[in-house]
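Peer 1: Sequence:
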Amino acid sequence: MIITINQINQTADGVYPFQGKVYLEDLVEEEPNIVKLEPIQVEGEASRLDSHLYQVSAKQKCVGKLICSRCLTTFPTSLESSWFEKFTDKKELAIDTEEETIHLLIDGQIELELFVREQLVIHLPYAPLCKPDCAGLCPECGANKNEKSCDCNTERIDPRLAKLQDLLEDKDSVS
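Going by our numbering, the sequence shown wraps up at 175, each residue one higher than the last.
Derived from the structure by calculation, the hints contain no laboratory data. Nothing false has been slipped in among the hints.
Distance ranges between label pairs, derived from CB positions:
{"id": "1", "residue 1": "Q10", "residue 2": "E80", "range": "24 to 34 Å"}
{"id": "2", "residue 1": "L161", "residue 2": "S57", "range": "53 to 63 Å"}
{"id": "3", "residue 1": "L161", "residue 2": "E31", "range": "39 to 49 Å"}
{"id": "4", "residue 1": "T4", "residue 2": "D96", "range": "15 to 25 Å"}
{"id": "5", "residue 1": "C141", "residue 2": "F75", "range": "14 to 24 Å"}
{"id": "6", "residue 1": "L27", "residue 2": "N6", "range": "24 to 34 Å"}
{"id": "7", "residue 1": "K61", "residue 2": "K148", "range": "32 to 42 Å"}
{"id": "8", "residue 1": "D96", "residue 2": "D151", "range": "50 to 60 Å"}
{"id": "9", "residue 1": "I67", "residue 2": "E118", "range": "13 to 23 Å"}
{"id": "10", "residue 1": "K91", "residue 2": "E29", "range": "29 to 39 Å"}
{"id": "11", "residue 1": "P159", "residue 2": "K65", "range": "38 to 48 Å"}
{"id": "12", "residue 1": "H123", "residue 2": "K91", "range": "30 to 40 Å"}
Pairs of lysine-lysine, DSBU-like flavour, derived with a Cα cap of 30 Å:
{"id": "13", "residue 1": "K145", "residue 2": "K65"}
{"id": "14", "residue 1": "K59", "residue 2": "K36"}
{"id": "15", "residue 1": "K86", "residue 2": "K21"}
{"id": "16", "residue 1": "K36", "residue 2": "K148"}
{"id": "17", "residue 1": "K59", "residue 2": "K131"}
{"id": "18", "residue 1": "K59", "residue 2": "K91"}
{"id": "19", "residue 1": "K148", "residue 2": "K131"}
{"id": "20", "residue 1": "K36", "residue 2": "K65"}
{"id": "21", "residue 1": "K59", "residue 2": "K86"}
{"id": "22", "residue 1": "K59", "residue 2": "K90"}
{"id": "23", "residue 1": "K59", "residue 2": "K21"}
{"id": "24", "residue 1": "K65", "residue 2": "K148"}
{"id": "25", "residue 1": "K145", "residue 2": "K131"}
{"id": "26", "residue 1": "K21", "residue 2": "K61"}
{"id": "27", "residue 1": "K131", "residue 2": "K65"}
{"id": "28", "residue 1": "K145", "residue 2": "K36"}
{"id": "29", "residue 1": "K65", "residue 2": "K21"}
{"id": "30", "residue 1": "K36", "residue 2": "K61"}
{"id": "31", "residue 1": "K21", "residue 2": "K131"}
{"id": "32", "residue 1": "K61", "residue 2": "K131"}
{"id": "33", "residue 1": "K61", "residue 2": "K86"}
{"id": "34", "residue 1": "K36", "residue 2": "K131"}
{"id": "35", "residue 1": "K36", "residue 2": "K21"}
By construction, the Cβ of each residue, glycine as well, lies at the ideal position given by its N, Cα and C atoms.
All chains should be modelled from the sequences, with the hints used to inform the complete structure.
Peer 2: Here you go:
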């Protein structure tokens, strides 16, 4: 998805509305938690702020199929975000500081796919969950605790306190 500064400059008020789809199928191979990604719906506007300064503000949304980090099942989730970026066609106006970034345009074009990708990756959950109270997998038998319960003993004893457990067992055998 590309916007040119000519498209922005040709509008009467300097505001160019846009909408479209961005396809990022290769992101499925790069991100381990993504199984499937629908096309990303992007809409927004590109505007002229000054004679050589432009801004793009956009909203994007899509449905992705992710892998739950607890139970390893796949589930659909909505991925939405809003963002804006500034651009210039003058090299001396381009800056990249902690407070502000103004990107330099190449050939008078704004390539939106890079910014859409960046926003999607930033808004991916670090540890996706199919539901907030996901019970996960049993560490002994591997059963999905959301679907069935198991009788495995998953009680863990702190190794630093294991000797105390031995003392309690010895006391019970003496009595």
